[in-house]
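Peer 1: Assemble the complex: chain A is given as a structure, and chain B must be docked to it using the hints.
The chain contents come next:
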Amino acid sequence: MITANETKISKAAEGYSVTITRDFNAPLAKIWRAWTEPELLDKWWAPKPMFIQTQTMDFTVGGKWFFIMNFPDGNKIGFRVNFNEIDPKKSFKSSGGAADFEGNIAPETPQMKRVTKFTDNGDTTHVEIEITFENEAHMQAVAEGASKGTAAAFTNLDEFLDEL
Amino acid sequence: MAQSSRRDVFQAIADPTRRAILLLLAVQAMTPNAMAEKFETSRQAVSKHVQILSECELVRQEQTGREIYYHLNTTKMKEIDKWLEPFRKLWEDRFNQLDDLLKDI
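Line by line, the protein sequences are chains A and B. Converting from the first sequence to this note's numbering requires adding 179 to each position, the first position being numbered 1. Converting from the second sequence to this note's numbering requires adding 1 to each position, the first position being numbered 1.
Just chain A, with the same shape it has in the complex (with noise of 0.2 Å):
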């Protein structure tokens, strides 16, 4: 129906995880790259219209990446990311969220924990992300934030869904 590669969300019935998953017309090494190399990251990491600078990453276990976003009206987050399992080629586990421009956690904040992994089809390579929020105000904090980011196309749909 779709040539596109679709992308799959799914909330879990229980506790407070969301995993999406996509393919990829591309073999494992180049996907792989692309999730561990800051400068492949920065390419793609952040949705235009905004881009993120990594300032350090170091993908190792216990290692950490901190980078800033930038939004079109000039606003910044910074962000980061610990590694804390990492099985090459197959999978890692990170938890991070928002941080202060040294790249220290910033308290009160939504963080998450999530697992990537990676299955290699060949040419293709499937991709599955589980998020993990602490509780439902942090997962909706998240999604508000995505909101943002996303065009109103929603907004009437949203409208409607509320008078019914």
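Calculated directly from the structure, the hints in this document are not laboratory data. One should not assume that every hint holds.
Claimed, not checked - Using 20 Å as the maximum straight-line C-alpha spacing, the simulated SDA-like pairs for lysine to any residue come out as follows:
id	chain 1	residue 1	chain 2	residue 2
1	A	Lys190	B	Leu85
2	B	Lys77	A	Leu207
3	B	Lys104	A	Leu207
4	A	Lys296	B	Lys77
5	A	Lys209	A	Asp299
6	A	Lys296	A	Leu219
What the hints assert, rightly or not - Only some residues are given here: those of chain A computed to face chain B with a beta carbon under 10 Å:
id	residue
7	Ile188
8	Trp223
9	Trp224
10	Lys296
11	Val306
12	Ile308
Unchecked claim - Simulated restraints, written as ranges between beta carbons of each label pair:
id	chain 1	residue 1	chain 2	residue 2	range
13	B	Pro17	A	Asn249	46 to 52 Å
14	B	Ala15	A	Glu307	32 to 38 Å
15	A	Thr295	B	Ala21	35 to 41 Å
16	A	Thr233	B	Val28	46 to 52 Å
17	A	Lys227	B	Pro17	18 to 24 Å
18	A	Asn254	B	Thr75	34 to 40 Å
19	B	Thr75	A	Pro206	43 to 49 Å
20	A	Asn204	B	Arg67	46 to 52 Å
21	B	Asp105	A	Thr295	19 to 25 Å
Owing to the predicted nature of the structure, the values given are computational and were not obtained by experimental measurement. Beta carbons: idealized from backbone N, C-alpha and C, even for Gly.
Peer 2: Positioned in the frame of chain A, the structure of chain B alone reads:
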């Protein structure tokens, strides 16, 4: 099964024509003919959109006399986690950029 149909819901409401169909049905139930007249596109195209909405249970088809009417399934509409869609969109935008990058590395 519940999981996959949940994903389909997001796919279904991501399309502007299907959102228009849902808005029309929110006002009143409609026959396939009445529905098709509201759109510039072909009857088959509209029918296919309704089919997708039916598959994820957003639209019900009911026989009244000799006519079939499409109804909006309001219960199902309320089940949609609205907040998830912007989140999905963010990842989709991100991944589309990765698609482009992968061509160059």
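Peer 1: Taking the hints in turn, state whether each one holds.
Peer 2: Hint by hint, here is what the structure shows:
For the hint pairing lysine 190 of chain A with leucine 85 of chain B, the CA-to-CA distance comes to about 8 Å; that is within 20 Å, so the pair holds. A threshold of 20 Å between alpha carbons decides the hint, and for lysine 77 of chain B with leucine 207 of chain A the separation of about 38 Å lies outside it, so the pair is violated. With a C-alpha separation of about 13 Å, the suggested pair lysine 104 of chain B and leucine 207 of chain A falls inside the 20 Å cut-off, and the hint holds. At roughly 31 Å between alpha-carbon atoms, lysine 296 of chain A and lysine 77 of chain B are farther apart than 20 Å, so this suggested pair is violated.
For the hint linking lysine 209 of chain A to aspartate 299 of chain A, the alpha-carbon distance of about 11 Å falls within 20 Å, and the restraint holds. Distance hint between lysine 296 of chain A and leucine 219 of chain A is fulfilled; the C-alpha atoms sit about 18 Å from each other, no more than 20 Å. Hint status for isoleucine 188 of chain A relative to chain B: holds, with the closest Cβ pair at about 4 Å, below 10 Å. A cut of 10 Å between beta carbons decides the hint on tryptophan 223 of chain A: the least distance to chain B is about 4 Å, and the hint holds.
For tryptophan 224 of chain A, the interface hint holds, since its Cβ comes within 10 Å of a Cβ in chain B; the closest pair sits about 6 Å apart. About 15 Å separates the beta-carbon of lysine 296 of chain A from the nearest beta-carbon of chain B, more than 10 Å, and the hint is not met. For the restraint placing valine 306 of chain A at the interface with chain B, the shortest Cβ-Cβ distance is roughly 8 Å, inside the 10 Å limit, so the hint holds. A cut of 10 Å between beta carbons decides the hint on isoleucine 308 of chain A: the least distance to chain B is about 8 Å, and the hint holds.
Separated by about 31 Å at the C-beta atoms, proline 17 of chain B and asparagine 249 of chain A break the suggested range of 46 to 52 Å. In this structure the hint that alanine 15 of chain B and glutamate 307 of chain A lie 32 to 38 Å apart at CB is violated, the actual value being about 21 Å. A hinted range of 35 to 41 Å holds for the C-beta pair threonine 295 of chain A and alanine 21 of chain B, which are about 37 Å apart. Between threonine 233 of chain A and valine 28 of chain B the CB atoms are about 51 Å apart, so this pair conforms to the stated range of 46 to 52 Å.
For lysine 227 of chain A and proline 17 of chain B, the hinted distance range of 18 to 24 Å is satisfied, since their beta carbons lie about 21 Å from each other. Checked against the hint of 34 to 40 Å, the C-beta distance between asparagine 254 of chain A and threonine 75 of chain B comes to roughly 39 Å, which is consistent with it. The beta-carbon spacing between threonine 75 of chain B and proline 206 of chain A, approximately 46 Å, falls within the hinted interval of 43 to 49 Å. About 49 Å separates the C-beta atoms of asparagine 204 of chain A and arginine 67 of chain B, a value consistent with the hinted range of 46 to 52 Å.
Between aspartate 105 of chain B and threonine 295 of chain A the beta carbon distance is about 22 Å. The supplied range of 19 to 25 Å therefore holds.
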